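Produce the complete structure using the sequences and hints provided.
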Amino acid sequence: MASVTHSPVGTVARVREHHRAYGATSVLRGVDLDIEAGEFVALLGRSGSGKSTLLRSLAGLDPAPASEVEVEGRTSVAFQEPRLLPWKPVQENVALALLNTSRRDERDRRATTVLDEVGLSEKSDAWPLSLSGGQAQRVSLARALVSEPDLLLLDEPFSALDALTRIEMHRLVLQLWARHQPAVLLVTHDADEALMLADRVLVLDDGLLAHEWQVPVPRHARTPTHPHLSEVREQVLAALGVQSLDQKAAGAA
Amino acid sequence: MSALAPPQPAAVPAEPGAGRTRPPTTVTRSRGVRLRWLRRWVSPAVILVVWQLLSSAGVIPEQKIAAPLQILATARDLVADGTLGAATLVSVQRVALGFAVGAAIGVTLAVVAGLSRIGEDAVDPPMQMLRTLPHFGLIPLFIVWMGLGETPKIALVAMGVAFPLYLNTFSGIRSIDRKFLEAATTLHLTRWQRIRHVVVPGAVPQALVGLRQSLGVAWLSLIVAETVSASSGLGYMINHAREFLQTDVIVVGLAVYSILGLVTDAIVRTLERKALSWRP
Chain A
1 MASVTHSPVG TVARVREHHR AYGATSVLRG VDLDIEAGEF VALLGRSGSG KSTLLRSLAG
61 LDPAPASEVE VEGRTSVAFQ EPRLLPWKPV QENVALALLN TSRRDERDRR ATTVLDEVGL
121 SEKSDAWPLS LSGGQAQRVS LARALVSEPD LLLLDEPFSA LDALTRIEMH RLVLQLWARH
181 QPAVLLVTHD ADEALMLADR VLVLDDGLLA HEWQVPVPRH ARTPTHPHLS EVREQVLAAL
241 GVQSLDQKAA GAA
Chain B
254 MSALAPPQPA AVPAEPGAGR TRPPTTVTRS RGVRLRWLRR WVSPAVILVV WQLLSSAGVI
314 PEQKIAAPLQ ILATARDLVA DGTLGAATLV SVQRVALGFA VGAAIGVTLA VVAGLSRIGE
374 DAVDPPMQML RTLPHFGLIP LFIVWMGLGE TPKIALVAMG VAFPLYLNTF SGIRSIDRKF
434 LEAATTLHLT RWQRIRHVVV PGAVPQALVG LRQSLGVAWL SLIVAETVSA SSGLGYMINH
494 AREFLQTDVI VVGLAVYSIL GLVTDAIVRT LERKALSWRP
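Taken in sequence, the protein lines are chains A and B.
Sequential numbering from 1 applies to the first sequence in this note's numbering.
Sequential numbering from 254 applies to the second sequence in this note's numbering.
Rather than coming from a laboratory, the hints here were simulated on the basis of the structure.
Please read these numbers as outputs of a predicted model, since none were measured by experiment.
It cannot be assumed that every hint is accurate.
What the hints assert, rightly or not - In silico lysine-lysine, BS3-like type, Cα no more than 27 Å apart, as pairs: (1) B:K432 - A:K123; (2) A:K88 - A:K123; (3) A:K123 - B:K317; (4) A:K88 - B:K317; (5) B:K317 - B:K432; (6) B:K527 - A:K123.
Pasting the structure below:
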């Protein structure tokens with residue numbers, strides 16, 4: 001892949017003692033997080049735990065003091081809803097991320113290439129509202145990747161998709177990650193998804209990053225029955241406050 | 254009569270190829286639709302025929318309203334001697350000029366108010382206050398300020414056009430989904446790129462609603478302005494005819510007004526179809 005020119009080195013995002021509150025409600029209470037270049041990090045948390053808030057700070061959508069949130073290089077975001085501009089055809093939506101590239105033919109060429117990577121070349125002239133949910137989300141991924149970001153922020157991008165499409169999307173994301181080598185922060189509430197995709201899994205609880213697991217298993221070996229993974233899975237679920245069946249039985253007795 | 258009646262075939266023929274390729278339900282339905290369409294022409298035709306008969310019998314006096322056939326003949330004469338064409342041209346020019354001025358003002362103000370809070374606070378209050386003013390009520394003031402020439406007519410049209418365009422374009426800009434604006438931020442668009450690729454196209458659907466409304470008001474304003482005073486144009490033709498009780502000329506003038514309204518509406522519809530082709 002010729003477009004990959006940067007080699008991932010160093011830290012792309014540094015979060016220190018990050019606080020955020022909505023009115024009187026404190027959402028983030030001193031979060032510390034480093035994301036290394038090329039690393040795939042999954043951020044888990046229950047609804048309202050502040051995981052999307054942290055992503056918004058990193059994306060620059062909510063203003064955060066530079067002393068608390070520092071991002072090196074370019075970020076891009078894929079949201080839960082694809083947020084494609086409905087009045088622009090697919091290809092133009094993707095090329096929109098390249099408007100700081102002055103040459104139009106260059107923009108078109110790169111948009112075409114990345115649409116091909118997500119398998120949607122034949123839809124490049126289609127209107128976004130004519131796409132299926134999975135197709136629209138793939139365009140959204142293409143738009144996020146075409147600018148070769150150093151940090152790709154994924155805000156529950158697969159949660160609205162059906163189970164089969166979600167599996168396809170997981171595979172696609174891993175392919176794209178290997179090819180473009182951005183650091184990825186995936187916000188999700190799905191422990192299995194996190195364990196299939198990430199190098200490192202974090203759980204945000206009560207405004208703090210409370211738990212962290214490394215996942216040293218190669219991705220091709222990550223099956224639901226993998227002994228190490230199922231062990232981590234139980235720990236992650238416990239950290240998220242999901243009781244195991246044994247605990248439930250014990251509680252009932 | 255034949256010129257006023259719709260093209261009515263002597264017998265309703267079967268649709269070409271209907272019996273061979275189409276399933277019978279479709280044939281029945283499409284014939285039903287066509288019959289319905291024809292049926293809807295029956296009552297207008299009956300009204301015209303009755304009107305003509307009553308006029309011919311002398312029940313409806315010509316000073317009140319002329320007979321349909323006579324109106325038709327007068328229309329032909331007015332077209333032939335160039336009167337109607339010249340009058341229509343004058344009126345169309347007034348509407349076009351007034352619309353251009355009003356649209357420029359309305360859209361500019363909407364953009365100023367839509368893109369910044371300071372702009373909104375400066376522009377919106379006076380616009381909201383003036384909006385409640387019935388703009389036809391301004392005619393006496395316009396005459397005092399501008400006399401009886403072309404200017405007050407164009408000003409009245411412009412005034413009528415500016416408000417619906419302002420209100421709709423402004424609300425179109427303001428009601429753009431915040432999610433798209435956030436997406437623009439994450440794509441690192443500059444302020445100008447954001448306006449060009451997100452704000453303007455996002456406001457177009459609502460602005461087009463304003464365009465449709467404003468063109469309706471434009472014709473109405475012109476008719477009122479020309480009726481109050483005019484020395485040329487369709488309104489002049491109608492007023493002149495009134496003095497000589499030429500009801501046929503009056504009806505021809507009115508018919509041209511409605512045709513012009515229909516034509517502009519058709520133009521806007523085409524524009525909408527083109528500009529909003531992204532909608533499913």
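Are any of the numbered hints broken by this structure? If so, which, sorted upward? 3, 4, 5
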